[in-house]
Amino acid sequence: MKKLLFSLALLLPIFSFSQGSYFGMSYQVSLPVGNTADYISTVSGRGFGIDYKGFVTPEVAIGGMIGWNVFYEAIDAELYDIPSGNGSAYGQQWRYINSFPFLLTADYFLGDYGDKRFFAGLGLGAYRVYQRLDMGIYTYEPREWMFGLAPQVGVLVPMNRDAYFHTTLRFNYGFESGDIDALSYLTLAAGFAWN
Amino acid sequence: MKILLTNLFLSILFLGIYGCYPKGPEYIQELDLVLTQYAPDYDFGAQNTYFMPDSISWQTNDRNFVPDESFEREVLKQIESQMNARGYTRLDSIADTTDLQNPNNPDMVMIVTGIYSENTGGGWVPVGGCWWYPCWGWGGWYGGWVPYTYSFTTGTVVMDLGDFREGDEITRTFPLSWEGLMNGLAGSSSSSNQDRIESGINQAFLQSPYLQSNQ
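For the protein sequence lines, the chains are A and B, in the order given.
Sequential numbering of the first sequence, starting at 1, is according to my numbering.
Sequential numbering of the second sequence, starting at 1, is according to my numbering.
Bound conformation, chain A alone:
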């Protein structure tokens, strides 16, 4: 997976961003869905991301994003069946997911340079995922690399000649890997960007 990321990253410089580029940072709120919601159902207010987009044509931008999304839920003491099926465990649980997306992105922009521009695109790459379960004094924490994709829509709003406000709605999906089920969550990102 690391080799794939490295190879994809090497592709970036071959594009000429003659149509301009911007670098952005965002605060992110994420809503777990699917398998991820079965493990942690609470909304995450802990997340941030860094984006870079370079325009290869006036409408098409390619780039990359990295981020950090933290999911957490404390679960009151409950009774759980043990895996062998002939016993039970009772106690509180603390569940965590740390997700670090490393994505290459391609987006199609509507509108003209200098105006508010809506865009839609796809991110492709890897998620580094730490999924931790604490129960009693014991911790189980599988760590996996996942291949993932992230369709996204957003809007880029110019604040002045060099700065923008940008917001993105992204669906993150990491394919099942090792001891961790498929990862899926919706992220709403909002922040600032500069040329």
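What the hints contain is simulated information worked out from the structure, not anything from laboratory work.
In this text, a Cβ means the ideal position worked out from N, Cα and C, and glycines have one as well.
Check the hints yourself; a few may be wrong.
Claimed, not checked - Each pair of labels, with its calculated beta carbon distance range:
#1 A:D38 with B:D96: 51 to 57 Å
#2 B:D96 with A:Y138: 40 to 46 Å
#3 B:N119 with A:V60: 53 to 59 Å
#4 A:D76 with B:T97: 22 to 28 Å
#5 B:T89 with A:A37: 37 to 43 Å
#6 A:Y140 with B:N119: 16 to 22 Å
Following the hints, complete the assembly by docking chain B onto the known chain A.
Just chain B now, with coordinates in the frame of chain A:
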């Protein structure tokens, strides 16, 4: 200016998330865990009597550990009370240790073990510094390392219930039919520790409804 603002915004975001990172449990009793396991083909209903020694067998790495007899009495009393409530009768002794099938012998044996373990250690953790270029603030100070130590004590009480008549007379071992285990961090208050263990014993029986004599 743009680089400074970028770094500032990024730092606030990163430190904000790091600072708000969830910290998990706040009180030691939240770490209490009760585990039970049973032999699926064992007929608990067909059993009537059991033998349980008057003391707890301790395993510890603390050379200064002294068992608290009143604590042991309370724990054993509570286990006996729970077993009585399930229709089992405690016998004071084993009639014949050479013939396990002797009708005056108990059907089962309950062994209670306490594990008291001190855990200490230490290491070094990095502090300060900055993780990206250009470094802002503190005149380019890149941080250092500080030592840390930890010390905590874990306590476990294990209830092992075995079938006496199926035991091995030579090795004096018995096939386990049920095990209940309470585990957690030991606190400084012995009365609180005892309350937590008693609560754990109640929970162990509560989640084991199959422990019920029909005799």
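For the hint 53 to 59 Å, verify it against the beta carbon of B:N119 and that of A:V60. holds, 58 Å
Could you check the hint for me, namely that B:T89 and A:A37 are 37 to 43 Å apart, CB to CB? violated, 50 Å
Does the hinted range 22 to 28 Å hold for A:D76 and B:T97 at CB? The hint (22 to 28 Å, Cβ to Cβ) is violated, given that A:D76 and B:T97 are roughly 46 Å apart.
Range hint 16 to 22 Å: satisfied by the CB atoms of A:Y140 and B:N119? This hint holds: roughly 19 Å between Cβ atoms.
A:D38 paired with B:D96, Cβ distance criterion 51 to 57 Å: holds, 55 Å
Do the Cβ positions of B:D96 and A:Y138 conform to the proposed distance bound of 40 to 46 Å? holds, 42 Å
Hints 4 and 5, counting from the list given before, are not met by this structure.
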